[in-house]
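Chain by chain, the residues run as shown.
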Amino acid sequence: MSYFRITLMRSGIGMPLKVQGVLKALGLRKRMTTVYYPVTPDVAGQIMRIKELVDVKEVDRPLTKQQIRSSRRPDPGYYIERRGAEALNKYEDV
Amino acid sequence: MFGPFRLTNPLSGGLLWKIPWRLSRHQKYRHRERLRRVDSTVATLSAALAKQGQTMKKVERWKVEMPTEQEMLPKDKYTVFDRKVKRYRKGIHKVPKWTRVSQRLNPPGF
Chain A
1 MSYFRITLMR
11 SGIGMPLKVQ
21 GVLKALGLRK
31 RMTTVYYPVT
41 PDVAGQIMRI
51 KELVDVKEVD
61 RPLTKQQIRS
71 SRRPDPGYYI
81 ERRGAEALNK
91 YEDV
Chain B
95 MFGPFRLTNP
105 LSGGLLWKIP
115 WRLSRHQKYR
125 HRERLRRVDS
135 TVATLSAALA
145 KQGQTMKKVE
155 RWKVEMPTEQ
165 EMLPKDKYTV
175 FDRKVKRYRK
185 GIHKVPKWTR
195 VSQRLNPPGF
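Chains A and B, in that order, are what the protein sequence lines are.
Just so we're aligned, residue 1 is where the first sequence starts under my numbering, counting upward by one.
Just so we're aligned, residue 95 is where the second sequence starts under my numbering, counting upward by one.
Careful, some of the hints might be misleading.
Stated by the list, open to error - Calculated cross-link-like contacts (lysine-lysine; reagent style PhoX-like; alpha-carbon spacing at most 25 Å):
id, chain 1, residue 1, chain 2, residue 2
1, B, LYS191, A, LYS24
2, A, LYS57, B, LYS152
3, A, LYS30, A, LYS18
Hints are computed from structural coordinates only; laboratory data are not their basis.
Produce the entire structure from the sequences given, and follow the hints as far as they go.
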């Protein structure tokens, strides 16, 4: 089972209502929104209507919203050796 | 003569928007990129459907009828037919929403 990864690159503002309706139906409300849909002829037809506005890739599995967010987050530049709360617990035990 | 308050046509009163009659080479470059992007989207769709053993009339028809960016003539990439213009061609950048619509074919005979 493969999926379409659809990202809205260009806004639908000022486009015909049919195009804007397709965007709404796919859940693409703002630019750079990414949605995943299974590969079926009906989804392909919807993409054909908005092909100038979106970026489409075929992927094996859909990502959840949290996964998309974490993949877009830049590297923080540090890593956590030990949590402060754990260190505190150790002191309280002594 | 220079500076922010120089006397230019738009500043000396009235509404004056001018669209140049031809595209700049950077506009042409970006336009080709957009055409290629649409081509790749359609290719992705047909490849994904073919993998599942399905076809779609809309995609097949686009592939048969529409030339890809490489197949298009420069004339068709950068100008469109217009019956009101002398010699029947105008720059594609005069088409409303021209960066977000596909306009690749000419009427028969032009």
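Results of checking the hints against the structure:
Note on LYS191 (chain B) and LYS24 (chain A): the hinted pairing holds, with a Cα-Cα distance of about 20 Å set against a maximum of 25 Å. A hinted pair counts as satisfied when its Cα atoms are at most 25 Å apart, and LYS57 (chain A) with LYS152 (chain B) qualifies at roughly 19 Å. Note on LYS30 (chain A) and LYS18 (chain A): the hinted pairing holds, with a Cα-Cα distance of about 17 Å set against a maximum of 25 Å.
Hint compliance for this structure: no hint is broken.
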